[in-house]
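S.K.: Each chain, written out:
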Amino acid sequence: DAKTTQPTSMDCAEGRAANLPCNHSTISGNEYVYWYRQIHSQGPQYIIHGLKNNETNEMASLIITEDRKSSTLILPHATLRDTAVYYCTTMEYGNKLVFGAGTILRVKS
Amino acid sequence: KAGVTQTPRYLIKTRGQQVTLSCSPISGHRSVSWYQQTPGQGLQFLFEYFSETQRNKGNFPGRFSGRQFSNSRSEMNVSTLELGDSALYLCASRLAGGWSSPMSTDTQYFGPGTRLTVL
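Line by line, the protein sequences are chains A and B.
Take 265 as the starting number for the first sequence in our numbering and just add one per residue.
Take 3 as the starting number for the second sequence in our numbering and just add one per residue.
FYI, nobody ran anything at the bench for these hints, they're computed from the structure.
By construction, the Cβ of each residue, glycine as well, lies at the ideal position given by its N, Cα and C atoms.
Please note that the accuracy of each hint is not assured.
Quick list of the computed label-pair ranges, beta carbon to beta carbon [said to hold, decoys possible]: (1) A:D331 / B:L13: 24 to 32 Å; (2) B:T119 / A:H341: 34 to 42 Å; (3) A:Q309 / B:P10: 16 to 24 Å; (4) B:G64 / A:H341: 47 to 55 Å; (5) A:T320 / B:R17: 48 to 56 Å; (6) B:T9 / A:D275: 35 to 43 Å; (7) A:N318 / B:E84: 21 to 29 Å; (8) B:G5 / A:T343: 35 to 43 Å; (9) B:T82 / A:T329: 45 to 53 Å; (10) B:G30 / A:K372: 36 to 44 Å; (11) A:I368 / B:P10: 39 to 47 Å.
Extracted from the complex, chain A is given alone in its bound form:
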């Protein structure tokens, strides 16, 4: 069963930051949080992952709360091409990614 919960959908204005929250209150201490996105039923695209510290790469930033019960994915300047389903996932023992329903992000001009 999914260990993460996310809003069903969110809207964001083009050029503004998109902040996607994720709750993972039951995550264990050594489980990483991974973020993927999926566009038009293509394969999920890796975005970023983290354990305890905040992370940043060329695509996004990941903010993890100190108690690790939730995190936020930040797309700093959303474009229309960022419209997708965003999945917050955890990696279970055995390299099994457990996906929830994800958040549909709609970027609007």
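Once you've looked at the hints, dock chain B against the given chain A.
M.R.: Showing chain B alone in chain A's frame:
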């Protein structure tokens, strides 16, 4: 570096038939995982292969099987197809260099998927 490739991209079969899907991982990647995606159940883990051995299996019936070859390429097979097997089948590869802990943080990279339709 080329990404994960899957063949075929689209497939139509009838109930009772069997199907084989192929996945070529990113060069140098040694682990391959398979996932099924349906509108009703979402993305679900099928199994993972590393060094030609199945290391983990999801909650799917025995009709779903797979294998991995010495070059890390993987195939999955579904026998006696049912209408409910219609789905997007995704393959993901990861580096798993050297000793691969089951809790490795190697990132999984997904292929484009094979869209299977069962009539």
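S.K.: Please go over all the hints and tell whether each is borne out by the structure.
M.R.: Verification of the hints:
The hinted window of 24 to 32 Å between D331 of chain A and L13 of chain B is violated, with their beta carbons roughly 46 Å apart. Checked against the hint of 34 to 42 Å, the pair T119 of chain B and H341 of chain A passes, with Cβ atoms roughly 38 Å apart. Here the CB-CB span from Q309 of chain A to P10 of chain B is close to 21 Å, well matched to the stated 16 to 24 Å. In this structure the supplied range 47 to 55 Å holds for G64 of chain B paired with H341 of chain A, their Cβ-Cβ distance being about 49 Å.
In this structure, T320 of chain A and R17 of chain B meet the distance hint of 48 to 56 Å, their C-beta atoms being roughly 49 Å apart. The hint said 35 to 43 Å for the Cβ distance between T9 of chain B and D275 of chain A, and at roughly 37 Å that hint holds. In this structure the supplied range 21 to 29 Å is violated for N318 of chain A paired with E84 of chain B, their Cβ-Cβ distance being about 45 Å. At roughly 22 Å, the beta carbons of G5 of chain B and T343 of chain A sit outside the given window of 35 to 43 Å.
Taking the beta carbon of each, T82 of chain B and T329 of chain A are about 47 Å apart, inside 45 to 53 Å as hinted. Checked against the hint of 36 to 44 Å, the pair G30 of chain B and K372 of chain A passes, with Cβ atoms roughly 40 Å apart. A hinted range of 39 to 47 Å for the beta carbons of I368 of chain A and P10 of chain B is inconsistent with their spacing of about 28 Å.
Comparing the model with each numbered hint stated earlier shows that hints 1, 7, 8 and 11 do not hold.
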